[in-house]
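Chemist: What follows is each chain in one-letter form.
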Amino acid sequence: MKPINLTALALAASASSSAFATQYLTVEQAQQVMFPDATGFRDVSLQLTGEQMKQVEKLAGLPARSVAWRVFAAYKGDAQLGSLLGYVVLDDVIGKFELISYAVAVNPDASIKQIEILTYRESHGFEIKSPAWRKQFVGKTAAAGLSIGDGIASISGATLSCTHVTDGVRRIAAIAQVALKK
Amino acid sequence: MRRRAQPWLGTLVEVTIADTLSEAAAALAFDAAFGAIAEVHRLMSYHDAASDVSKINQMAVGSALQIHARTATVMRAALDMNAVTDGLFDIACASRLVEWGYLPRAGLESGLHQGLARHQRNRPALHIDADGNLQKLAPVLIDLGGIAKGYAVDAAIDALQASGVAAACVNAGGDLRVYGETAFPIMIRDPRAPTQIGFRFDLKDAALATSGSYFSQRTVQGQPRSALVHGVDGSAVVNNISVTVQAPACMTADALTKLVLLSADPRHPLLQQFGATAFII
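These protein sequences, in sequence, are chains X and L. Just so you know, the first sequence maps onto residues 1 to 182 in the numbering used here. Just so you know, the second sequence maps onto residues 1001 to 1281 in the numbering used here.
Keep in mind the hints are simulated off the structure, nothing from the lab. A virtual CB, placed ideally from N, CA and C, is assigned to each residue, including glycine. Any given hint might turn out to be false.
Claimed, not checked - Here are the computed distance ranges between Cβ atoms for each label pair: (1) L:I1280 - X:R65: 36 to 42 Å; (2) X:R65 - L:D1202: 40 to 46 Å; (3) X:D78 - L:A1069: 45 to 51 Å; (4) X:K58 - L:N1239: 40 to 46 Å.
As the list claims (entries may be wrong) - Simulated crosslink set (DSS-like; lysine-lysine; CA at most 30 Å straight-line): (5) X:K182 - X:K113; (6) X:K113 - X:K58; (7) L:K1055 - X:K58; (8) X:K113 - X:K76; (9) X:K96 - X:K58; (10) X:K113 - L:K1055.
Said to hold, decoys possible - Which residues of chain L face chain X? A partial, calculated answer using Cβ under 8 Å: (11) R1003; (12) R1004; (13) P1007; (14) T1011; (15) L1012; (16) T1016; (17) G1173; (18) L1176; (19) I1186; (20) I1188; (21) P1194; (22) T1195; (23) L1208; (24) F1215; (25) S1216; (26) T1244.
Required output: the full structure, derived from the provided sequences and hints.
Modeler: Okay, structure coming up:
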């Protein structure tokens, strides 16, 4: 008999009881929105070296946090010979209540072109702090089979600061400077 | 229903378009809406050294500055709101927020905070003429955090209307406005459990803003503080309620939440004057 994973069930239940969750764009939609002239996107994900990590921390004034970064290069024309329009860097940030996936469009000169939120999810602080709760979302998109409520209502309330996203963008700007700049 | 969100004004700004526009037309409308928000951010950010707000904070007493028409609109509304609320609503509370660590220290800030109201007994700290020339008459440190988000929402709504969008919603971290024939579902956070829904209803052709201190409360040097400052006595608003104001424009709704929160009166006589209604949860 196949054992039932009670932990997974409990996590799924608590995650779906989260009041606020919205999907704005899939990774593919974000690529199109940020580089409408692109004819193709190529996975050029990064593995930062120890030296690059140090440079990123120095530039951003923040811990580099991760060695691996998901990056797509946007091209017009042939993926090898065509012109490079820029990059799309993907990231997730975790706040006190919220988990936000976002995409940053970077120009070839490493300047920031645009930022788009992909998904926004909220839950209780204790769920956000649980690595298992976060793990089920991080790096996923709707295409990966994640379904979240209708997400149509708009939330009104005290302003929730987006410091984590702002810091994340600063870190990505530094990574672009160190590892993507042409 | 198409929906996009970008980080601006220190929060997430969400634009929802409820219209069967072509993909290309919707993309242009989103660009126009976020473009307006970005412009307000650049002009009115406390943190950006090149913003009008930073220039006002840095300029010497006695000097004058030409400010952008958008900044002038918000500053005039803020000064007017300060006058009609007898100083309860005050953009000159930034020095308190600096003191409590909510805002970074600006370069020049000697002889700070008396608040706009206290100056007004003798003369106002700031004066703007009809051409957008601002004069600084007394030391003052301003932050438009209590009104600029609402204005940015109005500016984005104007941009969407100008782009021919029939119905839309713009939400800047809780300050929102909807227009068109579509009724938009709105959820208000429960101030005692902010990740839960406290109230849910549909909103059509109106603006709504909610203020509360639940996300910004913290202890600073043993004292409970928040990002909401009482304009007259300079104390922090620390409680577990939230105030929601509905008004025709979001800038008005945003500013009036502070009046209701500080007066604790959801039937304050000034609300009617601005065509607004309020409730406390």
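Chemist: State for each hint whether it applies.
Modeler: Verification of the supplied hints:
1. Between I1280 (chain L) and R65 (chain X) the Cβ separation comes to about 41 Å, which falls inside the hinted range of 36 to 42 Å.
2. A beta carbon spacing of about 41 Å between R65 (chain X) and D1202 (chain L) agrees with the range 40 to 46 Å that was offered as a hint.
3. Between D78 (chain X) and A1069 (chain L) the beta carbon distance is about 47 Å. The supplied range of 45 to 51 Å therefore holds.
4. Distance hint check: the CB atoms of K58 (chain X) and N1239 (chain L) are about 43 Å apart, consistent with the given range 40 to 46 Å.
5. The suggested pairing of K182 (chain X) with K113 (chain X) holds, with an alpha-carbon distance near 15 Å, which does not exceed 30 Å.
6. With a C-alpha separation of about 22 Å, the suggested pair K113 (chain X) and K58 (chain X) falls inside the 30 Å cut-off, and the hint holds.
7. With a CA separation close to 29 Å, the supplied pair K1055 (chain L) and K58 (chain X) stays within the 30 Å bound.
8. Between K113 (chain X) and K76 (chain X) the CA atoms are separated by roughly 17 Å; this keeps the pair inside 30 Å, and the hint holds.
9. Straight-line distance between C-alpha atoms of K96 (chain X) and K58 (chain X) comes to about 26 Å, which keeps the hinted pair within the 30 Å bound.
10. About 26 Å separates the Cα atoms of K113 (chain X) and K1055 (chain L), which keeps this hinted pair within 30 Å; it holds.
11. The interface hint given for R1003 (chain L) holds, since its Cβ lies 5 Å from the closest Cβ of chain X, which is under the 8 Å cut-off.
12. Here the hint on R1004 (chain L) is kept, as its CB sits about 6 Å from the closest CB of chain X, short of 8 Å.
13. Look at P1007 (chain L): its Cβ gets to within about 5 Å of chain X, closer than 8 Å, so that hint holds up.
14. Contact between T1011 (chain L) and chain X, as hinted, is supported at the beta carbon level, the nearest pair being about 5 Å apart and thus within 8 Å.
15. With 8 Å as the threshold, the beta carbon of L1012 (chain L) comes within range of chain X, its nearest partner Cβ sitting at about 5 Å, so the hint holds.
16. The beta carbon of T1016 (chain L) is positioned within 8 Å of a beta carbon in chain X (closest approach about 7 Å), and the interface hint is therefore held.
17. With a least beta-carbon distance of about 4 Å to chain X, the hint placing G1173 (chain L) at the interface is held under the 8 Å criterion.
18. The interface hint given for L1176 (chain L) holds, since its Cβ lies 5 Å from the closest Cβ of chain X, which is under the 8 Å cut-off.
19. Nearest Cβ of chain X to the Cβ of I1186 (chain L): about 5 Å, under the 8 Å cut. The hint holds.
20. A least Cβ separation of about 5 Å between I1188 (chain L) and chain X falls short of the 8 Å threshold, and the interface hint therefore holds.
21. The beta carbon of P1194 (chain L) is positioned within 8 Å of a beta carbon in chain X (closest approach about 6 Å), and the interface hint is therefore held.
22. Using the Cβ-Cβ criterion of 8 Å, the hint placing T1195 (chain L) at the interface with chain X is satisfied: the shortest such distance is roughly 5 Å.
23. This hint holds: L1208 (chain L) has a C-beta 5 Å from the nearest C-beta of chain X, less than the 8 Å allowed.
24. Among the interface hints, the one on F1215 (chain L) holds; its C-beta lies about 5 Å from the nearest C-beta in chain X, closer than the 8 Å criterion.
25. The criterion of a C-beta within 8 Å of any C-beta in chain X is met by S1216 (chain L), whose closest approach is roughly 7 Å, and the hint holds.
26. For T1244 (chain L), the shortest C-beta to C-beta distance to chain X is roughly 6 Å, which falls under 8 Å, so the interface hint holds.
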